[in-house]
Amino acid sequence: MMFGTMPQLTPDLIYGVAGIAVFAIGLVGALCTQDRLRRVLALKLCSVGAGFLLVVAAWRGPPAAPDPVPHALVITGIVVMVSATAVALALIRRLQTLETEDDT
Amino acid sequence: MTDPVIIFDLLLAAAVVALAVASLSVRDLFVAIVLFITFGLLSALSWVRLAAPDVALAEAAIGTGVTGALLLKTLRHLRYVSGTLDRAEALSVTPAAPVPAPVIWANAAFCGLVTLGLAVAFLGAPRSGPGFDALVAEAMPASGVDHPVTAVLLNFRAYDTLMEVVVLLAAVIAVWQIERGLSDAPAPVLGAVWEGFARLTLPAIVVVGTYLLWKGAEAPGGAFQGGAVLAAVGLLLLLSRLYVPQPSHRGVARWAFVLGTGAFAGVALLVAGGGRVAFEYPPEHAKTLILLIEGLVTISIAVTLAALFHGREPVALRSDRGRA
Amino acid sequence: MTVFLGTILVFLLASIIAGLFRVLRGPEPAERMLAAQLFGTAAVAILLILSRLMDTPALLDVAMVFALLAAVTLVAFVVLASRRAG
Amino acid sequence: MTLDPMILALFAPLFGAVAAFVLPRAAGAVGLVAVLLTCGAVLALARQVLAAGAVTLELGGWAPPMGIALRADGLGVAMLAMTAAVGLLVSVGALDALREARQRQYFWPLWLLLLTGMNGVYLGTDIFNLYVMIEVIALAAVGLTVLSGTREAVRAGLEYMYASILGALLFLMGVGFVYLQLGRLDFAGLIAAEPSAALSAALALMIVGLLLKTALFPLHFWLPAAHANATAPASALLSGLVVKAALYIFLRLTTHVPLPDEILVTLIGALGAGAVLWGGVQALRAERLKLLVAWSTVVQIGLIFIAFARAGQVGLAESWKAAALLILAHGVAKAAMFLAAGRIRDEVGHDIIRDLDRAPIRPTLAQFTFALAAISLIGLPPSLGFIGKWSLMEGAMAAGYWHWVAVTMIGTLLSVAYFSRVLAGFLRFDRVRAPLGEHQGWALADIAPLTLAISAISLGLLAAPILSFIELGYPFGAKP
Numbered sequence: 001m002m003f004g005t006m007p008q009l010t011p012d013l014i015y016g017v018a019g020i021a022v023f024a025i026g027l028v029g030a031l032c033t034q035d036r037l038r039r040v041l042a043l044k045l046c047s048v049g050a051g052f053l054l055v056v057a058a059w060r061g062p063p064a065a066p067d068p069v070p071h072a073l074v075i076t077g078i079v080v081m082v083s084a085t086a087v088a089l090a091l092i093r094r095l096q097t098l099e100t101e102d103d104t
Numbered sequence: 001m002t003d004p005v006i007i008f009d010l011l012l013a014a015a016v017v018a019l020a021v022a023s024l025s026v027r028d029l030f031v032a033i034v035l036f037i038t039f040g041l042l043s044a045l046s047w048v049r050l051a052a053p054d055v056a057l058a059e060a061a062i063g064t065g066v067t068g069a070l071l072l073k074t075l076r077h078l079r080y081v082s083g084t085l086d087r088a089e090a091l092s093v094t095p096a097a098p099v100p101a102p103v104i105w106a107n108a109a110f111c112g113l114v115t116l117g118l119a120v121a122f123l124g125a126p127r128s129g130p131g132f133d134a135l136v137a138e139a140m141p142a143s144g145v146d147h148p149v150t151a152v153l154l155n156f157r158a159y160d161t162l163m164e165v166v167v168l169l170a171a172v173i174a175v176w177q178i179e180r181g182l183s184d185a186p187a188p189v190l191g192a193v194w195e196g197f198a199r200l201t202l203p204a205i206v207v208v209g210t211y212l213l214w215k216g217a218e219a220p221g222g223a224f225q226g227g228a229v230l231a232a233v234g235l236l237l238l239l240s241r242l243y244v245p246q247p248s249h250r251g252v253a254r255w256a257f258v259l260g261t262g263a264f265a266g267v268a269l270l271v272a273g274g275g276r277v278a279f280e281y282p283p284e285h286a287k288t289l290i291l292l293i294e295g296l297v298t299i300s301i302a303v304t305l306a307a308l309f310h311g312r313e314p315v316a317l318r319s320d321r322g323r324a
Numbered sequence: 001m002t003v004f005l006g007t008i009l010v011f012l013l014a015s016i017i018a019g020l021f022r023v024l025r026g027p028e029p030a031e032r033m034l035a036a037q038l039f040g041t042a043a044v045a046i047l048l049i050l051s052r053l054m055d056t057p058a059l060l061d062v063a064m065v066f067a068l069l070a071a072v073t074l075v076a077f078v079v080l081a082s083r084r085a086g
Numbered sequence: 001m002t003l004d005p006m007i008l009a010l011f012a013p014l015f016g017a018v019a020a021f022v023l024p025r026a027a028g029a030v031g032l033v034a035v036l037l038t039c040g041a042v043l044a045l046a047r048q049v050l051a052a053g054a055v056t057l058e059l060g061g062w063a064p065p066m067g068i069a070l071r072a073d074g075l076g077v078a079m080l081a082m083t084a085a086v087g088l089l090v091s092v093g094a095l096d097a098l099r100e101a102r103q104r105q106y107f108w109p110l111w112l113l114l115l116t117g118m119n120g121v122y123l124g125t126d127i128f129n130l131y132v133m134i135e136v137i138a139l140a141a142v143g144l145t146v147l148s149g150t151r152e153a154v155r156a157g158l159e160y161m162y163a164s165i166l167g168a169l170l171f172l173m174g175v176g177f178v179y180l181q182l183g184r185l186d187f188a189g190l191i192a193a194e195p196s197a198a199l200s201a202a203l204a205l206m207i208v209g210l211l212l213k214t215a216l217f218p219l220h221f222w223l224p225a226a227h228a229n230a231t232a233p234a235s236a237l238l239s240g241l242v243v244k245a246a247l248y249i250f251l252r253l254t255t256h257v258p259l260p261d262e263i264l265v266t267l268i269g270a271l272g273a274g275a276v277l278w279g280g281v282q283a284l285r286a287e288r289l290k291l292l293v294a295w296s297t298v299v300q301i302g303l304i305f306i307a308f309a310r311a312g313q314v315g316l317a318e319s320w321k322a323a324a325l326l327i328l329a330h331g332v333a334k335a336a337m338f339l340a341a342g343r344i345r346d347e348v349g350h351d352i353i354r355d356l357d358r359a360p361i362r363p364t365l366a367q368f369t370f371a372l373a374a375i376s377l378i379g380l381p382p383s384l385g386f387i388g389k390w391s392l393m394e395g396a397m398a399a400g401y402w403h404w405v406a407v408t409m410i411g412t413l414l415s416v417a418y419f420s421r422v423l424a425g426f427l428r429f430d431r432v433r434a435p436l437g438e439h440q441g442w443a444l445a446d447i448a449p450l451t452l453a454i455s456a457i458s459l460g461l462l463a464a465p466i467l468s469f470i471e472l473g474y475p476f477g478a479k480p
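Protein chains in written order, with my numbering: chain A, 1 to 104; chain B, 1 to 324; chain C, 1 to 86; chain D, 1 to 480.
Hints in this document: simulated from the structure, not taken from any laboratory.
All residues carry an ideal CB built from backbone N, CA and C; glycine is no exception.
Mixed in with the good hints there might be a few duds.
Far from chain A by the CB rule (all over 10 Å, computed), these chain B residues [stated by the list, open to error]:
id, residue
1, F36
2, G191
3, G196
4, T201
5, L242
6, H249
7, G273
8, H285
Sample of chain D residues with no beta-carbon within 10 Å of chain B, all distances over it, derived [what the hints assert, rightly or not]:
id, residue
9, G67
10, L88
11, G157
12, Y179
13, A197
One-sided excerpt, in silico: chain A residues whose CB lies under 10 Å from chain D [claimed, not checked]:
id, residue
14, I20
15, G61
16, P62
17, M81
18, R94
The whole structure should be built from the sequences, with the hints applied where relevant.
Listed below in C-alpha cells is the structure:
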C-alpha cells in the first residue's frame, strides 16, 4: 500500500508547515512590498498563517475532539484582523484622495 | 494506516502556499485580490480538514468574504480617484521601480530562513500536546451551552471576546474619523435580473444568519458567524443601492455599533454588582444571558461590518458627485 | 468507499487549480469572475464530501454558508469590478 | 454592592467611550467623568496593593490557565497611576486645545478606548488577552494620529498602522508557538516552562513584535512622523503613554522568561545605544519643534532599553527598576513637552525652530513648561528622570559595564545640545524684530502641561517611596 510508506504524514504536520510558510511569505511581503494595497494583503497572509498554527495546536487526531480554546482564539483573531484591515484600507483611500487633490 | 485523503491534504496545502506567493507577486492588483479570495477559501477548507468548522465559517464569512469585498471596493476607489478605472489592468497604484533579481532572491532566502527556523521549532514541539481539552470538558455543564467553542468564547474567556467586540467598535469609530465625506466611485446600476435575485437571496441570507446564531449554542456557529452572514445582507443592500445611508441615520447607527459592547459589558457589570465576579454568569441563567448577549452582539457585528464596508460616515456631501 | 471519495476530492481540488489559470490569464474581468464562481461551487462539493468522510454533519451548515457567500461575492464582483463608471 | 477597582478601571473608560460616541455633543463632559472615575479606581487599587501586596481577580470565576485573571501589583499600579494622571491632565488640556467640533467629537471615544486598552495591558496576565489589548490600543492610537486630517498625518498614520499590525501579528504567532508547546497562555505557565525550541521561537517572535510596537531603533521608522504630525493632545498621549504599553509587556515577558543568552541582552542594549545616538543626531537636525520632541522619544526609549540591559543576565531582577523609573519619568515629562510644543505652535502659528526666537508673540508660559520638561528629560536633578538615569548608571558601574555608562553620558550631552537649540531661542530677546503681540492669556491648555512638568521635576523628590511601591507584590514573580 502506497500510503503505508509515510506513516508520520498527518494533516496537522502538513498544514502546520504550510501555515508557517504562509506566515513567512506574508512577513517578507509586508516588509518589501511598495504598493499600499498589497501590503495589506501581505499582513492578512501573516494572520492566516498564525491562524493555521493555532488550529494545528488544537488538533487531536480523528477520533478525539479538538481543543476548543485555540479555535475561539482564531475566531477572535479573524475579527480583530478584519477591523485592522478596514482601518488600513480607509487610510489608503483617504491618502489617495488627499494626494490627488494636491496634484491638481 | 494513513488516511487516503492525505493526498488531498498535500495538494490543498501546496495550493494554499502557492496562492499566497501568487497573490503577492502577480502584477495586476485585481488578479491579486481574486487570488487572495481563493486563498482564503482554500484556507477555510484546510481548517475544515483540521476539524475546525467554526474557524472555517468565520474565515470564509469575515476573513475572506467581507475582507475581499473591502479590498475590491478600495481598489475601485483608488482606480477612480487616479482616473484609471477604464484601463484593462489594475496596476499598482503607487508605482515603484522594477525590483532587481538579487533583491527577489534575497527576499526568497530570508523567507526560506524564517520558514526553516519556525518549522524546526514546530517539529520539535509536542504534537497533539497539552491543552485545555480536559478542563473545558469538566467545566462544560456549568457553561450554559453545549458547544465548547461557544462556551469558551462567551463564558470561559468572555473577557477576550468583549475586547474583540471593542476592537470592532474602535475600528468603525476610526474609519468614520478617517474618511470624511469622500465621494464613492460611481458603480453601474444593477438591472431587472437583480431584483428577482434580491427577492430570492436576501430572505434566505437572513434566515441562515439567524439559524447560525441559534445553532451556535450546540453546534458550529454563533454570534460572529451569524453576524457576518447578516452583514452580507447589508453589503448587498449597499452594493445595489437599495439602501443609501443618509445623514439622519447616523444616530441609529451609533447606537447599533455600541449595542454589542454595551450589552456584553453591561451584563458583566450587573453580575459583578450582584456579588459575583465580573463575567460570572449564574449557571441557572447562563443560557439566557449568553443568548441575550449573543443576539445583541450579532446585530452589532452585522451593522458594524456593513458600516466598515461602506466606509465614510454618512454626512451631507458638498457636491453630489458620489450619488450617481 | 474512502478511497473513492478521496479520489473525488482530489479531482475537485484539481478543477480549482485548473480554474486558477483562467484567473491568471483573464483577459476580461468577467472570465476571472466566472472562474472564481467555479471555486465556490467546487468548495461546496468538497465540503459535502468531507462531511461524509469525516462524519461531521455540521459541515453541511458550512457548505450552505459557502453557497450563500458565493452569491454575494458574485454581486460584489459585478458592481465593484466593472470597468464602467455608472 | 461593591465593585472591584480593577473592574472599574477597565469599565469606566469603556462605558465612557460608548457614551461619548453615542452622545457626541456631551463627549467632553462624559470623557472627563470617565477619566476621573478611572483615577478613583486606580487610587482604590493602589490602597489595596499597599495593604495586601499583589491582588488578583479571576474573571467569570474561571481559574487560569483556562480562564483569564487580572493581577495588580506595585509596578502595574504605578503604570496605571501614571496613565490615569497624565491622561487626566491631557484631557483637561484637550478640552481647551481641540478647537474643531469634529476633532472634539472623535477625540473622546478614541482616547477612552485607548485608556481601556492600556489599563487592560497593565492588569493582564494572559498573553492572548494582551494581543487583543494591543490591537485595541493600535486602532484607537491610529485614529488619534490622523485626527488632524493633514496629508502628512494620514501618511504617517498609515505607516504606523502597518507597523502596528505587523508587530501584533508577530506577537500572535509567538502566542501560537507558546500554545503549541505549553497548552496554556498565562504568565504563571511561562514562568514554570522548561526551555525548548518552540518557546525560543515564541520568545523571538513576540520580542521582535513588541520592539516594533515600542519603536526601538532600528524599528523606530514609523514613530517620528506619526508623533510629530498628530494634534498636540494626541501626540502627548501617543508619546507619553502608548509606546509604554508594549514596553511594559516586553519587561514582563523577558523577566518571566529570562533571555537564554547574555549576548541577546547585550544586543538589545546595543540597539538601545543605537537609538540614543541616531535619535540624538536626528533631533539635532530636526527643523520643526514637534519633530525634535518626537525624535527625543526615540532616544528615551533607547535609554530605557539600556537600563534593561545594564545589569546583564546576573542582575536582571534589579535592572527592571531603573527601566520602570525611566518609563514613568518619560511618560510625565514627554506629555508635558508635547502639550507645551502644541501651545507654542498654536500661539506663534508655526513650529520652525529657527524662527521661534523671532516670533512676534511670546508664549512665555508654554516656553517655561517646555524648559521644565526638558530638565527632566535631560536628567538634571532633582527630576524623576535624573533618579532613573542615576539608578541606571549606578547599576552599570556596579556590574562593570562601562560602555553603557559612556553611551548614557553621550546621550545626555546630545540631549543637552538638541534641547538648547530650542531653549536658547526662547531666551534671546535681542532678536525680536516684530512688536510683541498680545499673549492669549492663561488657559486650561497651559495649566495642564505646567502641572505635568512640575510633577516630572518634583516626583524625583518622591523617588524612594515610588521605588518601594513598584516592588510591592514582587512584580515579576521572582524572589526579592
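So, going through the hints one by one against the coordinates:
For F36(B), the non-interface assignment is contradicted: its Cβ lies about 5 Å from the closest Cβ of chain A, within the 10 Å cut-off. With a least CB separation of 28 Å from chain A, G191(B) remains clear of the 10 Å interface cut-off, as annotated. Every Cβ of chain A is farther than 10 Å from the Cβ of G196(B); the closest lies at roughly 31 Å, confirming the non-interface assignment. With 10 Å as the threshold on Cβ separation, the claim that T201(B) sits away from chain A holds: the shortest Cβ distance comes to roughly 22 Å.
With a closest Cβ-Cβ approach of about 22 Å to chain A, L242(B) is found to remain outside the 10 Å limit, as its non-interface label requires. The Cβ of H249(B) sits about 19 Å from the closest Cβ of chain A, beyond the 10 Å cut-off, so the non-interface label holds. Non-interface status of G273(B) relative to chain A is upheld: no Cβ of that chain comes within 10 Å, the nearest being about 27 Å off. The non-interface label for H285(B) is consistent with chain A: the shortest C-beta to C-beta separation is roughly 22 Å, beyond 10 Å.
Remark: the non-interface label on G67(D) conflicts with the geometry, its nearest Cβ contact in chain B lying 6 Å away (cut-off 10 Å). With a least CB separation of 21 Å from chain B, L88(D) remains clear of the 10 Å interface cut-off, as annotated. For G157(D), the condition that its CB be more than 10 Å from all CB atoms of chain B is violated, with the nearest at approximately 8 Å. A Cβ of chain B approaches the Cβ of Y179(D) within 10 Å, the least distance being about 8 Å, so the stated non-interface status is violated.
A Cβ of chain B approaches the Cβ of A197(D) within 10 Å, the least distance being about 4 Å, so the stated non-interface status is violated. For I20(A), the shortest C-beta to C-beta distance to chain D is roughly 9 Å, which falls under 10 Å, so the interface hint holds. The restraint placing G61(A) at the interface with chain D is violated, with a minimum CB-CB distance near 15 Å, outside the 10 Å limit. Annotation: interface hint on P62(A) violated; nearest CB of chain D at approximately 20 Å, more than 10 Å.
For M81(A), the interface hint holds, since its Cβ comes within 10 Å of a Cβ in chain D; the closest pair sits about 8 Å apart. Of the supplied interface hints, the one on R94(A) holds, with its beta-carbon coming within about 5 Å of a beta-carbon of chain D, less than 10 Å.
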